[in-house]
Structure formats: C-alpha cells, structure tokens
Amino acid sequence: MVNRRTVLKGLTLAGLGAVSVYGYMPLIEKFALRELQEGEQKSLMARPAKEEFQVKYTADVMCPSECGLEVWVKDGVAHRIYGNYACPYNDGAICGKGAAGLGLVYSPYRIRKPMIRVGERGEGRFKEVSWEEAIDYIARKMIEIKKKYGPESVIVDTGDVTDRDQYWRLGFAFGTPNCVEHGAICDTPRRHGPKLMFNGKRIEPDIMTPRLVRQPDGSLAWDRTHRAKLIIYAGWNPFLATRINWESRGTVAAKVENGCRVIVIDPVFSNTATQADMWVPIRPGTLADLFAAMLRYILENDDPKDPTRRYIDWDFKKYSIGWEDFEKAFREWWDKTDPINGLKYFTLEWAENRTDIPKEKIKELAHLFGITKPAALVWGMQAPGHHYNGYCASILGTVLNVITGNFDAPGGAIDTEIVKSSKGGTATGKWMLSKKVKRVVNGQEVEGTVAELHMDHYSDWPSAWDDVVGDYPRRFREGVTIRYGSFRGHKYPIKAYILRTGNSVITAGATWDWIDALTAKEGGEYKVELVVVIDTIFLETALYADVLLPEASYLERMSLSDIYPTYPVIFLRDAVIEPLHESKKPTDIMNMLAKRLYELGDRDIRPEDFWEKYKSEEDFVNEMLEVAPGRPNVGQPLPYPQYPEGYTIIGDPESLEKGEVTIDHEKKVIRGRPLTVKWLREHKGVAVWPMSWYRYRKWDEEKKEWVPNKAWPPTASKMIEFVWDYTTTDGKRQGMYSSANARIEKTGEIPRGLREIGFEKFPRTFYWFEAKYNPYTNPKVAYLKNEYPFMLISGRVHHAMSGTQMVAALGQSPAEGTWTPLNKEVEVEVEDFTPTGVITRKKKFLEGEWAVGTVWINSADAAKLGIKMGDLVKVENHLKRSVVGRAYVSEAIKPGVVKIAFAAGGRFSPGIGPTYVHKDYTPDYNMLVIPDNLTPIMGQPAFTAIPVKVEKL
Amino acid sequence: MNDMLEWFMLRVSIYDFLRCIFLFGPKTEILASLYKTQKNPYTQKLSEYDMAKISILEEEHTRIFINPATMSAVPYASHYLSSTGLLMGDVTFSLRKRYIELGYVLDDRTFSEDHVGVELELIYLLAAKTINALNEGDNSKLKELVKNQRDFIKDHMLRWIPAFCSAIKNNTSEDSFYYNLATLLESFLKDDAARLDLFLTKTRTITSL
Ligand code: SF4
Numbered sequence: 001m002v003n004r005r006t007v008l009k010g011l012t013l014a015g016l017g018a019v020s021v022y023g024y025m026p027l028i029e030k031f032a033l034r035e036l037q038e039g040e041q042k043s044l045m046a047r048p049a050k051e052e053f054q055v056k057y058t059a060d061v062m063c064p065s066e067c068g069l070e071v072w073v074k075d076g077v078a079h080r081i082y083g084n085y086a087c088p089y090n091d092g093a094i095c096g097k098g099a100a101g102l103g104l105v106y107s108p109y110r111i112r113k114p115m116i117r118v119g120e121r122g123e124g125r126f127k128e129v130s131w132e133e134a135i136d137y138i139a140r141k142m143i144e145i146k147k148k149y150g151p152e153s154v155i156v157d158t159g160d161v162t163d164r165d166q167y168w169r170l171g172f173a174f175g176t177p178n179c180v181e182h183g184a185i186c187d188t189p190r191r192h193g194p195k196l197m198f199n200g201k202r203i204e205p206d207i208m209t210p211r212l213v214r215q216p217d218g219s220l221a222w223d224r225t226h227r228a229k230l231i232i233y234a235g236w237n238p239f240l241a242t243r244i245n246w247e248s249r250g251t252v253a254a255k256v257e258n259g260c261r262v263i264v265i266d267p268v269f270s271n272t273a274t275q276a277d278m279w280v281p282i283r284p285g286t287l288a289d290l291f292a293a294m295l296r297y298i299l300e301n302d303d304p305k306d307p308t309r310r311y312i313d314w315d316f317k318k319y320s321i322g323w324e325d326f327e328k329a330f331r332e333w334w335d336k337t338d339p340i341n342g343l344k345y346f347t348l349e350w351a352e353n354r355t356d357i358p359k360e361k362i363k364e365l366a367h368l369f370g371i372t373k374p375a376a377l378v379w380g381m382q383a384p385g386h387h388y389n390g391y392c393a394s395i396l397g398t399v400l401n402v403i404t405g406n407f408d409a410p411g412g413a414i415d416t417e418i419v420k421s422s423k424g425g426t427a428t429g430k431w432m433l434s435k436k437v438k439r440v441v442n443g444q445e446v447e448g449t450v451a452e453l454h455m456d457h458y459s460d461w462p463s464a465w466d467d468v469v470g471d472y473p474r475r476f477r478e479g480v481t482i483r484y485g486s487f488r489g490h491k492y493p494i495k496a497y498i499l500r501t502g503n504s505v506i507t508a509g510a511t512w513d514w515i516d517a518l519t520a521k522e523g524g525e526y527k528v529e530l531v532v533v534i535d536t537i538f539l540e541t542a543l544y545a546d547v548l549l550p551e552a553s554y555l556e557r558m559s560l561s562d563i564y565p566t567y568p569v570i571f572l573r574d575a576v577i578e579p580l581h582e583s584k585k586p587t588d589i590m591n592m593l594a595k596r597l598y599e600l601g602d603r604d605i606r607p608e609d610f611w612e613k614y615k616s617e618e619d620f621v622n623e624m625l626e627v628a629p630g631r632p633n634v635g636q637p638l639p640y641p642q643y644p645e646g647y648t649i650i651g652d653p654e655s656l657e658k659g660e661v662t663i664d665h666e667k668k669v670i671r672g673r674p675l676t677v678k679w680l681r682e683h684k685g686v687a688v689w690p691m692s693w694y695r696y697r698k699w700d701e702e703k704k705e706w707v708p709n710k711a712w713p714p715t716a717s718k719m720i721e722f723v724w725d726y727t728t729t730d731g732k733r734q735g736m737y738s739s740a741n742a743r744i745e746k747t748g749e750i751p752r753g754l755r756e757i758g759f760e761k762f763p764r765t766f767y768w769f770e771a772k773y774n775p776y777t778n779p780k781v782a783y784l785k786n787e788y789p790f791m792l793i794s795g796r797v798h799h800a801m802s803g804t805q806m807v808a809a810l811g812q813s814p815a816e817g818t819w820t821p822l823n824k825e826v827e828v829e830v831e832d833f834t835p836t837g838v839i840t841r842k843k844k845f846l847e848g849e850w851a852v853g854t855v856w857i858n859s860a861d862a863a864k865l866g867i868k869m870g871d872l873v874k875v876e877n878h879l880k881r882s883v884v885g886r887a888y889v890s891e892a893i894k895p896g897v898v899k900i901a902f903a904a905g906g907r908f909s910p911g912i913g914p915t916y917v918h919k920d921y922t923p924d925y926n927m928l929v930i931p932d933n934l935t936p937i938m939g940q941p942a943f944t945a946i947p948v949k950v951e952k953l
Numbered sequence: 001m002n003d004m005l006e007w008f009m010l011r012v013s014i015y016d017f018l019r020c021i022f023l024f025g026p027k028t029e030i031l032a033s034l035y036k037t038q039k040n041p042y043t044q045k046l047s048e049y050d051m052a053k054i055s056i057l058e059e060e061h062t063r064i065f066i067n068p069a070t071m072s073a074v075p076y077a078s079h080y081l082s083s084t085g086l087l088m089g090d091v092t093f094s095l096r097k098r099y100i101e102l103g104y105v106l107d108d109r110t111f112s113e114d115h116v117g118v119e120l121e122l123i124y125l126l127a128a129k130t131i132n133a134l135n136e137g138d139n140s141k142l143k144e145l146v147k148n149q150r151d152f153i154k155d156h157m158l159r160w161i162p163a164f165c166s167a168i169k170n171n172t173s174e175d176s177f178y179y180n181l182a183t184l185l186e187s188f189l190k191d192d193a194a195r196l197d198l199f200l201t202k203t204r205t206i207t208s209l
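From first to last, the protein sequence lines are chains R and Y. Note that the first sequence covers residues 1 to 953 in this note's numbering. Note that the second sequence covers residues 1 to 209 in this note's numbering.
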C-alpha cells in the first residue's frame with residue numbers, strides 16, 4: 001500500500017516545495033487497492049489463465065419452487081446457473097427465470113449501500129450512509145419506540161418466506177411477538193381445510209418424481225412411476241402462476257405415462273388449461289359452491305355395491321374423527337332455500353345457478369372424481385386462496401379428497417406441509433415467546449408471556465395461525481387492542497414496520513391504502529415512526545422506507561430451501577459467491593443490529609443468543625438443520641423398517657441408513673447424526689429421506705387389518721379431524737379452533753371477522769357463509785351487479801412477479817392474456833439471451849413488441865362495450881378506485897370476467913427495470929382491492945372476485 | 001519544462017480528489033482540498049461551490065450513483081463496456097489481471113475493479129509513484145510508469161468515462177457540482193492522456209524535463 005509518507009517524500013524531494021505549494025497529502029488514508037508484496041505478483045500471475053470452474057450447489061429464490069441449482073463459479077464470480085440433477089424436487093430442470101438469475105445478482109441496480117431517507121416518504125430521496133450509521137439509526141429508534149410504546153409496537157415482516165429466521169429471532173428477542181411472513185397475505189383460506197383436518201397446508205397431487213422408496217429387499221430405489229389417474233386443478237395454475245417445478249413436469253408425465261386425465265376449473269383458459277383434457281370455466285368466487293355440490297352429489301349417489309357409483313372409500317372413517325358431526329351439519333343445509341335463487345343449497349341446480357357451470361357438467365365432475373382412483377382435487381392460491389369464503393372451499397375440497405380415499409394414497413392427494421422436512425428449530429427463536437413480561441393494563445400491572453401480546457392471536461384474529469394476518473393499513477392507523485389472555489385490555493400502536501424483502505405496497509392489500517398508512521402523519525411526524533426495508537432489489541415499498549439495508553442476494557447467503565415436496569427432502573441454499581457491494585448476510589445483519597441494541601442498553605438482547613453464538617451463518621443454518629427431517633417413521637412401505645414404527649426420525653440420511661442412531665423409547669425419537677451444512681455440501685447440497693404413502697395407518701398383525709397408527713397426521717388426536725373443537729373422553733378440549741373458542745367464551749369477545757358473518761364463535765364442524773362482495777351469491781350486495789357487472793380476478797405471471805421483471809428478457813415473454821405485447825413504442829435498455837450469455841443494449845420497441853400487464857376481457861363483452869384489442873380501458877370498483885390498461889380481447893376468458901395479473905402493471909419503482917416505463921397505461925391490480933374485504937376467519941385480504949365496471953377510454 | 005513537472009504534481013492531487021469523491025462521496029475534507037490545490041482550470045469551478053451545502057451534495061451523490069430508483073450514471077465500467085451490461089463479467093476480470101500486472105490487488109470487496117473510483121485510485125497510486133521515480137532519477141521506471149498510466153487511461157478509461165460523464169450531465173443542471181465534476185473528470189483524463197503521450201514521445205531523460 002502506498003502510504004502518506006511515500007507520497008510526501010516524493011513531493012518534497014522533488015524540490016518543488018510541494019507541501020507548501022500544493023498543501024498536499026492523501027485526502028483520505030483509505031485505499032481500495034493494495035500494493036502487492038514481493039513475490040505476490042508472481043504467484044497471482046502464475047495462476048492458470050483459464051482457471052477451472054468450480055461447481056457449487058444451491059437453491060433458487062426466484063419463485064416459490066426454489067429449485068435446486070448448480071452454479072458454475074470461477075474466480076469468485078458466478079458464470080452460469082443450471083439445475084441440480086441431485087435434487088429430485090426439480091430433477092435437474094430449471095426454467096428461464098432461474099437461469100437468468102445472474103441478471104439480478106450482477107445488476108448494477110441492486111441496493112448496493114445502506115441509505116437513509118432525506119425527503120418525504122415516497123419521494124425516493126435517500127442519502128448513502130455507513131452500515132454503522134444505518135444500524136445505529138434503526139437501533140436508537142427501536143429502543144425509543146420500545147420505551148414509549150413497548151416492543152410489541154414493532155412489526156418484523158419477512159415478506160419472503162425464505163431465509164427469514166434470523167430476523168424473527170431478533171424480533172422475538174427484542175420482545176415483539178409480531179413477526180410475520182409473506183404467508184400473512186397469501187392463500188390462507190386455501191390452506192384452511194388441510195390445517196383444520198390434518199394440521200396441514202397445501203394439497204398437491206402425488207406426481208413428484210423421482211422419489212426414494214424402500215424396496216421389499218430393504219434397499220432404497222428411485223421410483224419414477226406415475227400412478228395418478230385424475231387431477232382436478234381448480235383455480236390453480238402451476239404452469240404459469242405459482243410454479244412448483246415438479247408439478248408442471250409431473251402433470252405432463254402423468255398424462256403421457258399413465259393416461260392421467262387433467263381437468264382445469266378456471267374462469268380463464270389458463271396456461272395449465274392448455275394441458276388439460278377438460279376446461280370448465282366458472283364464475284369467479286364460487287369454487288366453494290362447486291365443491292359443495294360435488295360433495296352433496298357424492299353423498300347422495302354413493303353406492304358401495306355398485307361399482308359405477310362406489311365413490312366413497314368408507315375406510316376413511318377408521319382414520320378420522322367427527323365424520324358424523326360433519327355430515328350432519330352439512331346435510332342440515334340441504335333443505336334450506338338459498339335466498340339468492342330460491343333453490344335448495346348444494347343441489348346441482350343451485351350450483352349451476354351460482355357457478356354458471358351447467359349442472360350436467362357438475363354432475364360429471366363429481367362422478368369422475370368419485371369413480372376415478374387415484375385422483376387429486378387441488379385448489380389454488382388465487383381461487384379459493386384469495387376468496388372471502390375460500391375457507392369453505394378448502395374445507396370441502398379436503399373432505400372430498402379424504403372420503404374418496406385419495407388422501408395420501410399413491411397417485412392421490414398429498415398434504416405437502418406435513419410430509420416435508422422440518423427446519424428452523426430453536427434457531428428461529430420462537431421459544432423466546434414464552435418469556436414473561438409485565439404491562440400496566442387499566443392501571444394495574446399484569447404479567448403474561450410475550451406471545452400474549454400478539455396483534456392477531458390475542459386480538460382481532462385469534463385463528464390467524466401460521467403467522468398470517470392481513471389488515472395492516474388498519475393496524476397502522478388504529479393500533480392493537482389485546483382482547484384475550486393476561487393482557488386483555490392492553491392497547492398499543494404500531495410504530496415500526498421492518499420489512500425484509502417483499503413489497504407490501506404493491507402486493508399486500510390496496511396500494512393506495514398502504515401508501516396512505518405509511519405516509520400518515522400525526523403532529524407533523526409519521527405515525528408509523530420507523531420503516532425499514534431490507535432487500536437486494538429496490539421495489540416500490542423501498543420508496544417509503546426511512547432506512548434501506550442491502551441484503552446479500554440468494555447466491556451470496558446461506559439458508560435452506562422452503563418448499564412443498566411430497567416427502568422429506570431438504571436442500572441447502574449455499575453462499576456460492578461473496579456478497580457484492582456493501583450487502584450483508586442475514587446472520588450478520590441480525591448480529592449487527594442485536595449488538596447495537598445491546599450497546600444502547602437493551603438487555604432483552606443477550607450476547608449468547610446472537611453474536612457469541614453465531615460466529616457465521618453456517619452456525620445458524622446448522623442449528624436450523626438440527627430438527628431435520630423430524631417426521632415419523634410411518635406409512636407404506638415403511639421408510640425405515642429397521643426402526644420402530646411411529647417414532648420421529650432425526651438425522652442425516654446416511655447415519656439413519658447405516659444404523660448409526662440412538663433410540664429414545666420414552667420420547668419415541670430415532671436420532672442419527674444431525675444433518676449439517678458440511679454433510680449437505682458433501683452430497684451436492686441435498687438430503688433425501690424415503691417416501692411412503694398412507695402415512696396415517698399401520699398393519700395390525702392380530703386384527704389382520706389396517707388401523708390408524710396414531711402417529712400422523714400431526715393433529716391433536718393424530719387422526720384426520722372433521723371436528724375442530726371437541727372434548728376427548730378424558731375431558732381434554734381439542735381441535736384446531738378449541739383454544740380460540742376458549743378465549744372467546746372466557747371473554748365474550750367475538751372476533752370482528754366472525755361478527756361480520758354472524759358467527760358467535762368458531763364452528764366445531766362444517767360451516768358456510770357467503771362472500772361479502774359477490775353479487776351473484778350474496779343477496780346483500782346483489783345490487784352491485786347492475787353498476788358493476790364484471791367480476792375481476794387476478795393471478796400471477798411467474799416471470800413477471802415482483803422484482804423479476806428486472807431481468808427484462810423475462811418480462812418480455814408473453815403469457816396468457818394478462819401479460820402480452822400491447823406496449824406503446826418505447827426505447828429502453830434490455831437484456832437479451834444469447835448462446836454466450838445475457839446482452840444488454842438499448843433497443844427501440846415498436847408497438848406490439850413488449851409484454852405488459854393488460855386487462856383481459858371476453859370478445860363478446862368487448863364488442864358490447866365497443867372495445868377492441870389494445871384499446872385503453874378503465875376498470876373501476878364500487879369505491880370508485882380505478883386503474884387503466886390496454887384491453888386484451890379474447891374468447892379464452894369467461895364472459896363477465898376481467899383478469900389483471902398480480903403486480904404486473906402500474907409498477908412505479910424506477911428500480912424495477914423496463915416495466916416501469918409502462919406504468920402509466922398498465923394496471924396495478926391491488927389498486928382495486930377493497931380494504932374492508934378481509935377474509936373473516938384469518939383476516940387476509942380477499943384479493944380476488946371483485947365487482948367492477950369496464951369503460952372504454 | 002517546469003510545466004511538465006507541475007503537471008505531474010497537479011495530477012497527483014487531482015486524481016486523489018477524484019478517487020476520493022467517487023469512492024467515499026462528498027466529504028468535507030475532500031471538498032476542502034479544492035481550496036488548497038494549486039490554481040488550475042480544472043477544479044476552478046468546483047472550488048467555488050458553497051461547502052455549507054454539503055448535505056445537498058451527499059444526496060446528489062446518492063441520487064446519481066447509488067439509489068437504484070434514481071441512479072442515472074452507473075459508476076461501473078462493465079455496464080458500458082461488456083456485452084452483458086452486468087457487473088463482474090469479463091471486463092472486471094481482465095481489469096483484475098491488469099491491476100496485478102501493475103502491482104495492485106483490490107482487497108476491499110465492497111468495490112469492484114471496474115468502479116470509477118477504483119480505476120482513478122489506480123492512476124493516483126501510479127501518479128504518486130511517478131513522483132518517486134522523478135525523485136530518484138530512475139529514468140526507465142519513470143517511463144514505464146508513465147506508459148502504463150497512459151495506456152490504462154487511453155485504452156480503457158477513455159472508452160467508457162465519456163459515456164459515464166454524459167450520463168451524469170444529462171441528469172444534472174449545468175451549474176451543479178456534479179455536472180462540473182463530470183466535466184473535470186472527462187477533460188482532465190483526456191488532457192492527461194495527451195500530456196503523458198507528449199512526455200513519452202518528446203522527453204528523453206529526466207534532466208530534459
Ligand atoms: S421454477 Fe422458480 S425456482 Fe425453479 S428455476 Fe424457475 S424461477 Fe427458479
């Protein structure tokens with residue numbers, strides 16, 4: 001390194017009186033470059049000119065599929081991304097978006113340095129600061145808020161589910177239970193049925209191949225057989241929306257190899273529908289109606305003696321509890337008349353009237369599903385996942401899969417949540433929630449746990465499990481009133497919103513409402529006093545941040561895949577390159593902020609829980625892995641016949657296979673060597689454990705029959721539960737709704753969502769309620785259809801989501817009607833794929849050469865309104881909120897429906913790349929979301945099925 | 001040729017100023033140096049800037065070079081020179097090799113070899129070494145140093161700096177600090193290349209300076 005002396009010496013000796021003449025010395029004695037030592041140059045130069053590529057294994061984050069990747073790295077730089085063949089999840093395949101990941105990692109438009117806001121929120125004016133300054137700012141503000149309002153006033157929202165544990169841990173230690181994730185605003189109604197009935201989440205068809213299966217001779221073999229005979233995708237579009245790599249692969253393979261029939265129920269002829277044998281267009285928001293009619297038809301027409309009508313596999317009763325209660329409650333509706341149409345509930349006619357599907361078709365669907373085995377009924381993220389009454393649909397769908405004998409059957413329907421490997425364990429820090437704290441409530445000091453301060457569970461949404469909720473803008477405005485538990489009566493405001501990835505302003509509710517809440521002031525100050533955004537890329541919400549922290553991209557940090565497989569498999573998201581610019585890894589950010597909080601006197605933060613414990617991210621991930629796979633040894637063929645059936649399995653696949661285990665008979669745990677990062681690295685980043693089916697039953701040698709194994713599913717009764725609040729024979733109150741109901745009974749406080757649908761507490765079994773804003777099913781809002789005759793729906797476009805349009809080549813590729821080349825002429829910098837890589841250049845796009853978000857409308861409707869392809873139209877809801885967009889006119893959408901892709905248009909962060917250029921004539925879907933349309937059980941916004949009108953501009 | 005000697009001295013301070021302002025942003029000590037620098041046509045305009053307004057400069061710096069939502073001038077050579085427009089490609093890799101040949105390595109990975117500030121720092125370091133060579137009367141070393149600098153400026157920096165500077169100018173007003181900084185950067189690099197060229201073709205020994 002050149003030091004000041006050398007330079008000074010040089011200047012002085014030059015005999016020019018340099019110092020006095022120039023007053024010169026290095027302005028800042030810090031240099032990016034270092035002078036090489038003797039010999040160092042030689043060794044660096046001696047390296048082979050063409051250094052070999054290193055192949056490293058990691059996991060994608062470009063979409064929820066999180067495919068296993070193989071990254072080719074040379075000299076610390078990632079050059080190519082391929083699929084990892086060792087990873088059965090994607091079996092070596094990746095999509096164009098995954099392959100284009102380098103366009104994001106090496107984009108100069110990443111958030112490169114910490115920044116602090118200088119203008120008003122929303123103006124996007126920031127000032128570069130050091131990490132120390134940024135962290136100090138956040139820590140001081142957090143402590144100030146903690147002192148004034150309590151730590152619970154801080155929300156930690158890890159918008160993206162992956163790699164969130166460090167941030168949660170910090171939040172929990174700081175003392176706030178309000179740590180949430182992307183699930184907060186995504187598909188909670190869809191998950192509800194599986195949650196109630198098996199403590200599950202998402203039902204998927206059994207088409208994930210290859211799978212590791214125990215053979216009769218005791219060996220393990222990869223099984224690629226397709227057994228599925230029928231898959232019904234209702235409102236689920238895995239080919240384009242939420243990609244699950246194996247699902248799109250498997251659907252086609254099951255068709256080709258096993259003659260599997262595929263039926264798609266969707267208001268639009270979706271990408272998935274193009275692969276289907278039958279497309280059934282349905283009126284938006286009425287999947288529950290269809291499922292209810294299918295169930296009624298199956299119950300009324302099932303005949304065990306007639307092979308053409310043997311719909312129900314009555315064995316399910318052995319493995320479940322509460323069917324009689326469920327059936328009774330369901331049948332009680334059969335004689336009631338629906339005020340909207342004067343028809344009896346759940347009949348074919350009734351469903352025809354509401355779904356707009358001909359009753360013969362409904363009958364055919366019910367019959368086909370009942371008679372074809374194995375089959376899977378799968379429903380989606382938008383529908384019913386974003387429907388106000390999607391809960392009813394997901395409960396009915398789950399019931400249909402169970403009673404037809406398809407649940408966890410080979411080729412049937414699998415709940416991925418309860419079969420995948422566990423991860424996180426103590427690293428997440430949830431155990432800190434049981435810490436005792438005190439609050440003064442109504443003048444009295446009371447003690448309770450941190451958990452009891454939760455803004456949902458102990459307040460308005462007591463059944464908002466899985467860290468979900470959605471009514472943030474209201475929370476920001478009104479704060480939280482604790483209604484249950486020790487702190488009943490305690491009130492606190494929300495004062496800090498720490499968002500790590502994700503983009504709430506565009507994706508978490510009504511955009512205008514979010515902006516309003518984040519910019520609302522009180523006494524000249526922002527009401528939400530601190531907004532922090534931690535991310536790699538600059539999305540719209542970043543415009544509203546006070547502090548921006550650059551997080552290492554997915555190739556620069558270590559974590560674990562968070563996926564939906566049909567059996568336990570886990571793969572490493574490895575740091576394959578060093579963090580670029582000034583970005584930092586989550587573990588380092590966690591430690592840095594924890595340390596600063598501690599230095600500023602926060603003694604809830606303990607060094608031994610953070611920087612003393614986790615010297616590196618590997619330490620953290622190793623702790624996350626300690627619980628893997630954490631699933632019971634159940635099902636057929638038994639994964640580990642050498643070990644006791646029903647015991648929980650923990651450890652790396654190798655040690656389990658070799659018998660290097662300890663068995664704890666009291667706790668019923670089989671423990672091999674804990675899975676570690678090191679082990680994963682030695683095995684191409686992937687750990688796979690054997691798959692089995694019928695994981696709820698075991699063979700009883702004495703009775704010579706299958707009996708419930710009482711080890712799985714992970715419900716209270718370890719059986720499938722058709723009742724959700726019940727008392728066991730030994731007097732215990734159990735079921736998914738039981739604790740929330742106990743709280744309600746104790747206080748007499750009916751949660752706001754239940755009040756809205758006229759319930760007094762959570763129902764113990766089957767229930768039904770109408771969507772708040774569906775004029776075709778809810779008489780209270782039937783008037784809306786006069787002025788707002790269209791139903792607006794949404795859906796994702798896989799390669800045009802959130803930040804990924806930054807890789808313009810992806811954003812350019814058309815998909816369905818919602819993302820099509822209806823652009824105006826524009827000149828932009830674009831990245832193009834070539835055989836040698838991605839090329840950036842300025843390019844002029846003429847009209848019709850660039851895909852943009854559109855308004856998809858049926859040809860007949862368009863003709864009536866005088867709308868032609870490409871015309872600018874306005875879409876408006878009953879709140880008079882509107883968006884504009886160009887019309888995509890086609891037959892492939894049901895009349896009376898308009899569709900706008902989620903987060904595809906109106907993107908107003910210039911950091912997002914070329915999509916920004918089109919913002920003024922492309923629609924931001926969420927501008928039309930109705931803030932008070934919160935799904936009543938869990939509080940998530942009902943994003944889809946909104947009455948609107950369309951007007952030509 | 002006292003002129004050339006003065007030029008050698010001047011360029012040390014100007015490259016130092018430039019590397020600092022691009023690497024570390026507008027800090028008081030960096031700006032203050034402008035007052036002390038020998039009067040010259042390059043920094044004249046900048047030295048008239050009101051130091052009290054430094055916070056405006058800090059925001060401008062972030063706006064132009066850092067904030068992805070507003071960044072108008074990407075401060076990386078790769079963005080202009082590579083076929084991909086992305087960072088850390090062949091351009092960066094060949095620069096890395098070139099730095100090693102010249103005796104330097106980039107240790108601070110928060111920057112990359114093709115960042116404008118790092119490239120300017122390289123010239124600054126070589127410029128300071130040039131003074132040493134002058135001092136020591138090491139003729140061949142002097143020539144080698146000057147040649148290396150000229151080549152780096154001519155066949156690398158001047159291929160992208162003009163585009164970078166016009167990107168700055170297109171998004172700033174004519175009387176602003178950064179507009180003038182862009183003018184300084186581009187014109188000084190061009191003049192320096194010419195001067196070094198002249199030195200190499202005309203000057204035979206140090207004594208003939
Ligand atoms: S499907 Fe998703 S996770 Fe897989 S490669 Fe494509 S973007 Fe990545």
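Careful, some of the hints might be misleading.
DSSO-like cross-link-like pairs, simulated, lysine-lysine; straight-line CA separation at most 27 Å [stated by the list, open to error]:
hint	chain 1	residue 1	chain 2	residue 2
1	R	K74	R	K141
2	Y	K53	R	K30
3	Y	K169	R	K843
4	R	K229	R	K141
5	R	K30	Y	K202
6	Y	K53	R	K74
7	Y	K169	R	K844
8	R	K668	R	K438
9	Y	K143	R	K42
10	R	K595	R	K436
11	Y	K53	Y	K143
12	Y	K169	Y	K147
13	Y	K169	R	K919
14	Y	K39	Y	K27
15	R	K363	Y	K53
16	R	K373	R	K336
17	R	K761	R	K824
18	R	K615	R	K684
19	R	K42	Y	K39
20	R	K868	R	K436
21	Y	K147	R	K42
22	R	K42	Y	K141
Honestly, the hints are just simulated from the structure, not real lab data.
Self-check item: Proposed proximity, K147/Y with K169/Y (alpha carbon, max 27 Å)
Solution: violated (30 Å)
Quiz item: Hey, K595/R versus K436/R, does the alpha-carbon distance stay inside 27 Å?
Solution: holds (22 Å)
Quiz item: Keeping to a limit of 27 Å between CA atoms, is the pair of K668/R and K438/R held or broken?
Solution: violated (37 Å)
Self-check item: Satisfaction of hint between K843/R and K169/Y, Cα-Cα up to 27 Å
Solution: holds (22 Å)
Quiz item: Holds or violated: K169/Y with K844/R, Cα cutoff 27 Å?
Solution: holds (23 Å)
Practice problem: Would you mind confirming whether the straight-line C-alpha gap from K761/R to K824/R stays at or under 27 Å? | Solution: violated (53 Å)
Quiz item: Taking only the CA atoms, is the gap from K143/Y to K42/R under or equal to 27 Å?
Solution: holds (22 Å)
Quiz item: Given the proposed pairing of K147/Y with K42/R, does the C-alpha separation stay at or below 27 Å?
Solution: holds (21 Å)
Quiz prompt | K53/Y paired with K143/Y [C-alpha distance capped at 27 Å] | solution = violated (42 Å)
Quiz item: Does the alpha-carbon distance linking K39/Y and K27/Y stay inside the 27 Å limit?
Solution: holds (21 Å)
Quiz prompt | Restraint status (C-alpha distance of K373/R to K336/R at most 27 Å) | solution = violated (32 Å)
Quiz item: Given the hinted pair K363/R and K53/Y, is their alpha-carbon gap at most 27 Å?
Solution: violated (76 Å)
When held up to the earlier numbered hints, the structure conflicts with 1, 4, 5, 6, 8, 11, 12, 15, 16, 17, 19 and 20 and fits the remainder.
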